[in-house]
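The residues making up each chain are set out below.
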Amino acid sequence: MGPIVANIASPFRSVESAIALHYAAHDVAPATEFADFHVAVDPVGGLRRWIRPQAFFRFDANPPFNPLAAGQAFPLLEWGLNWCVSAHCHQYLIVHAAVIERGGRALILPAPPGSGKSTLCAALVARGWRLLSDELAMIDAHTREIVPLPRPISLKNASISVMSGFWPEGPMSPVVHDTLKGSVAHVRPPASSVERASERAAPGWIVLPVFRAGESPTLTRLPRSAGFMRLVESAFSYSVLGRLGFDILADVVAASGCHEFTYGGQLDEAVRMFDALAGDR
Amino acid sequence: MRPGRTSLMDSWRAVAPHALVWRQWDDDVVLYNDATGSTHQLGPLGGEVMLCLLRHPAGIDVAALARDMNAIIEIPDELQLAAEIQRALDDLVELQLAERFSA
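Note that the protein sequences, when read in sequence, are chains A and B. The end of the first sequence is residue 281 by our numbering, with every number in the run present. The end of the second sequence is residue 1103 by our numbering, with every number in the run present.
Among the hints, erroneous ones may be present.
[Claimed, not checked] Derived contacts from chain B toward chain A, CB cut-off under 10 Å, selection only:
#1 1028
#2 1042
#3 1056
[Stated by the list, open to error] Beta-carbon label-pair distances, calculated as ranges:
#4 114/A <-> 1026/B: 24 to 32 Å
#5 1058/B <-> 182/A: 33 to 41 Å
#6 214/A <-> 1101/B: 51 to 59 Å
#7 17/A <-> 1037/B: 28 to 36 Å
#8 1038/B <-> 113/A: 19 to 27 Å
By construction, these hints were calculated from the structure, which means they are not laboratory data. Where is the CB? At the ideal position from N, CA and C, for every residue including glycine.
Turn these sequences into a full structure, and let the hints guide you.
Here it is in structure tokens:
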């Protein structure tokens, strides 16, 4: 997946079938090849094999998190992989953000949960924008380019049915209920995005999405300082990189237009506005 | 820094200027302090005061700051500008970016 090689093991059929669905277009490395991460999703032993079975995520054989219900095995793998990348890949500055691309320029959507980031990301990908990542904007420390990491788009709660209607042909996994984040489903990344995973993108726009039910979509220009501070708040490895982290984010902001996008679910109108934004430059 | 109220005669300087990196966009300044690991967003006045302190590493008093900044920010009432600068300096002290000292 992008520049990362993960060695994944799991006896769960749900994990196997979800990987077959969502990673069908990804390269499969030989088992002997170097892997950045060795991970597994395994069943919890003892009584838990029979009563309310659970799964835990292993990283280098150690479980860094508490186990979850076995039905959440694939979301657990996805969350675990996000953690592997964000906690260890310090050759990049990593921001919690969706990133998509049009015309060689990246649209970065840093946002806290509930802001409609993934819904907006999926809607734009459904209408032809290239998916770089739904969760992790990886910024090359030397070139300031965004490095693609195209993986499944994670949808939650109401956005699952919204996206089923908006993108009926988008391959979606079965809905997993009662997770820590509510109901969760994943949408397969388009094969065209996976095939172009080695094509980086220059920073283009930083847009802070704000979901407010029923509100008309509005795109408002923001001061660059506000866009910068949002990136700082959303960055995983900013404090690890120190002054270099500041320089990287400052260069990304200097090269980008900064906006706030308030919307209430009108995805067709949202796509039209972002297409117009991409055409503006 | 000594405690107590500030006055126009006090001298001010940046704390650990070698540890500070900054960018200015439009009217705002964002600044990273490598000594504390903190990042700050400064508004127009606070940003200009901070940059002025960095331009005067040996220190500067409020009256001189006001003269320096009059060329950048047009405020007709000089006393009001001095009071605003004083307030901005107090904020910068809170952020561990500036300090008062005896010349």
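Hint by hint, here is what the structure shows:
For the restraint placing residue 1028/B at the interface with chain A, the shortest Cβ-Cβ distance is roughly 4 Å, inside the 10 Å limit, so the hint holds. A cut of 10 Å between beta carbons decides the hint on residue 1042/B: the least distance to chain A is about 8 Å, and the hint holds. Residue-level restraint check for residue 1056/B is violated (minimum Cβ-Cβ distance to chain A is 23 Å; threshold 10 Å). With their beta carbons about 30 Å apart, residue 114/A and residue 1026/B fall inside the hinted range of 24 to 32 Å.
One distance hint, 33 to 41 Å for the beta-carbon pair residue 1058/B and residue 182/A, is violated here, with the actual separation near 59 Å. Residue 214/A and residue 1101/B have their C-beta atoms about 56 Å apart, which keeps the hinted 51 to 59 Å range intact. A C-beta distance of roughly 45 Å is found between residue 17/A and residue 1037/B, which places it outside the suggested range of 28 to 36 Å. For the pair residue 1038/B and residue 113/A, the beta carbons lie near 25 Å from each other, so the given range of 19 to 27 Å is met.
Against the hints set out earlier in the document, violations occur for numbers 3, 5, 7.
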